[in-house]
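Assemble the whole structure, with the sequences as input and the hints as a guide.
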Amino acid sequence: MAKILIPTPLRQYTGKQDSVTLPGSTVGEVLTALTTQHADLRKQIYTDEGKLRSFVNVYVNDEDIRYLSKDATPVKENDTISIVPSIAGGSTVAAPPEQNMLSKDEILRYSRHLIIPEVGMEGQQKLKAAKVLLVGAGGLGAPLGLYLAAAGVGRLGIVDFDVVDFTNLQRQVIHHTQDVGRKKLDSAAEKMLAINPHVQIVRHEVALSSDNALDILKDYDIIIDGTDNFPTRYLVNDACVLLGKPNVYGSIFRFEGQATVFAYEGGPCYRCLYPEPPPPGLVPSCAEGGVLGILPGTIGLIQATEAVKLILGIGEPLVGRLLLYDALGMRFRELKLRKNPECPVCGENRTITKLIDYHQFCGVPNPQKPAPAQETKVDEGEIDPVEVKAKMDRGDNFVLIDVREPHEYQICNIPTAKLIPLGEVPRRLNELDKNADIVIHCKSGVRSARACGILKQAGFQHVRNMRGGILAWSDTVDRSVPKY
Amino acid sequence: MIRIEPEAWEAMVSHARQTYPNECCGAMLGSIDDSQKSVQVALRLQNAYEGAQAARYELRPQDLLAADKAAREHNMDLVGIYHSHPDCDAYFSKTDLQNSCPWYSFVVLSIQKGEFHHANSWLPNADQTDAAKEELTY
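Listed in order, the protein sequences are those of chains B and V.
With the numbering used here applied, the first sequence covers 1 to 484.
With the numbering used here applied, the second sequence covers 1001 to 1138.
Hints were generated in silico from the structure; no laboratory data involved.
We put the CB at the ideal spot given by N, CA and C, even for glycine.
Treat the hints with care, since some could be wrong.
Sample of chain V residues lacking proximity to chain B, with all beta carbon distances greater than 10 Å (derived) [claimed, not checked]:
1. ARG1003
2. GLN1036
3. VAL1041
4. ARG1044
5. ALA1070
6. HIS1074
7. ASP1077
8. VAL1079
9. SER1100
10. PHE1106
11. ASN1120
12. ALA1132
13. THR1137
So the derived label-pair ranges between C-beta atoms look like this [what the hints assert, rightly or not]:
14. ILE314(B) - ASP1089(V): 27 to 33 Å
15. ALA1048(V) - PHE361(B): 26 to 32 Å
16. ALA1132(V) - ALA39(B): 39 to 45 Å
Now the structure itself:
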């Protein structure tokens, strides 16, 4: 038995009574009695599926039954049950209207958005009011920049300090052949404004670092990570978590890509997925491992789609799900991501409360802060390409080994070099003389340094690494050798 | 139709102006006679939205419960809810609709540059998919 207070508008269903006393030992029983007695009331409170409508809260005295035992909450003789709607709302257009109002030109431009009910005028104004930061104007940044500008995202920031290089053109479609040598920021901003002069482009010509990240990111609503290195990825993640901003993540390698939205409304972050970076050198970058030129288009546009959905507040965001794309199989798969309660940056007992040194964390040197002592030091185990050429010209008796892969050898090679891919070195040591004078090269000097280590450990006496690899050879010895 | 009596109307407008550039919200108490609603008292309630309140508001159910109790004590009815749209028209936005309840009148006051501009009253449906405009006088 309990008394139910009837809200004014519902009294028309209870014969104008403002309260009804009904039998039952739990809230559920009393409510059932109520809606049995006053059948018309039922559809006001319950859905057709028999669930309480989303806006209906039920209180026993001063307590919400959701925090008691829900329907099974016991009621006593003198208890009062109240039916209270939950109410909220808002104009949802945050900035003043003059600023977000669309001009006649803009209305025409965005016409195909405006006629979608889910976007409409309200949505297009949200896009105009939105501030999105692109970290990187490379492979992922290119489609992101072009499409987000076209879609009318009002303010687009870009962080990049690189210049356009010939090797970028195969995939970074925002940069054209005549842009080689220009700042990527200028090249990208020019194309974006050519597509849509109504958007504002903010250029951040810096390497994102622990010193500047929070200051740059704080002025944006959404951060899109288009970087290809681990220190920046952890930096962007941590800064987003600390600032409470969504991190729209994408990564690409050869024929495969990944995308998800991190740090959005209590969802998992990058560290929940990868608490620790991989050992340095284990996961090759695009420069080292290559990438299908179209792949960043696919992944970048998934990121762009997620950003636009977040701005409009429509659809199901890619939160708590890691989307995996396999271009060769042409398949998408999805992995469930969970928030890690032990996560050092977004978990319950946080140990990371400010930005750290991400190069140290990832075990890689910081290209922005090269240690001068190390740079000038001449490594005894190294040899300059010019010296190698001199040895050849003198007719010195030595062995030159190329530890690159066969498909790289096909691109360019030094004709006298013997090809032994790095992975085959350990089992092909017997092909080499332990006392011979050996020089090893690869593309840029990293793999050959590893090969030198293997040989030295196996007891080879005279092993040297050709500094800068075949790229340096092309620069300083033979300019006809193509670079890749 | 809904009529807001002068005293209640003044209280609502001054609440909305004082809260500008944020949204305000409150309860409207009065009487309902068939479809004729009359608002005598505007009760200020706290905007409980956690985050920027320039474009959002949220009512705590316990505040609404208290408003309903106050109405009963004064022999009045809880007739509706009011809130403001700073620098924005008095339409019933998607956010308003998705967090509405079909039992009450929802009066929206448009405040432009800090001053009252216009107002509308809305009657959302039970599925939160649409809201009908209700005739409003004040």
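Quick rundown of the hints versus the structure:
| no. | hint | result |
| --- | --- | --- |
| 1 | ARG1003 | 16 Å, holds |
| 2 | GLN1036 | 13 Å, holds |
| 3 | VAL1041 | 14 Å, holds |
| 4 | ARG1044 | 15 Å, holds |
| 5 | ALA1070 | 13 Å, holds |
| 6 | HIS1074 | 13 Å, holds |
| 7 | ASP1077 | 4 Å, violated |
| 8 | VAL1079 | 7 Å, violated |
| 9 | SER1100 | 7 Å, violated |
| 10 | PHE1106 | 8 Å, violated |
| 11 | ASN1120 | 12 Å, holds |
| 12 | ALA1132 | 15 Å, holds |
| 13 | THR1137 | 20 Å, holds |
| 14 | ILE314(B) - ASP1089(V): 27 to 33 Å | 21 Å, violated |
| 15 | ALA1048(V) - PHE361(B): 26 to 32 Å | 40 Å, violated |
| 16 | ALA1132(V) - ALA39(B): 39 to 45 Å | 25 Å, violated |
Of the hints listed earlier, those the structure fails to meet are numbers 7, 8, 9, 10, 14, 15 and 16, in rising order.
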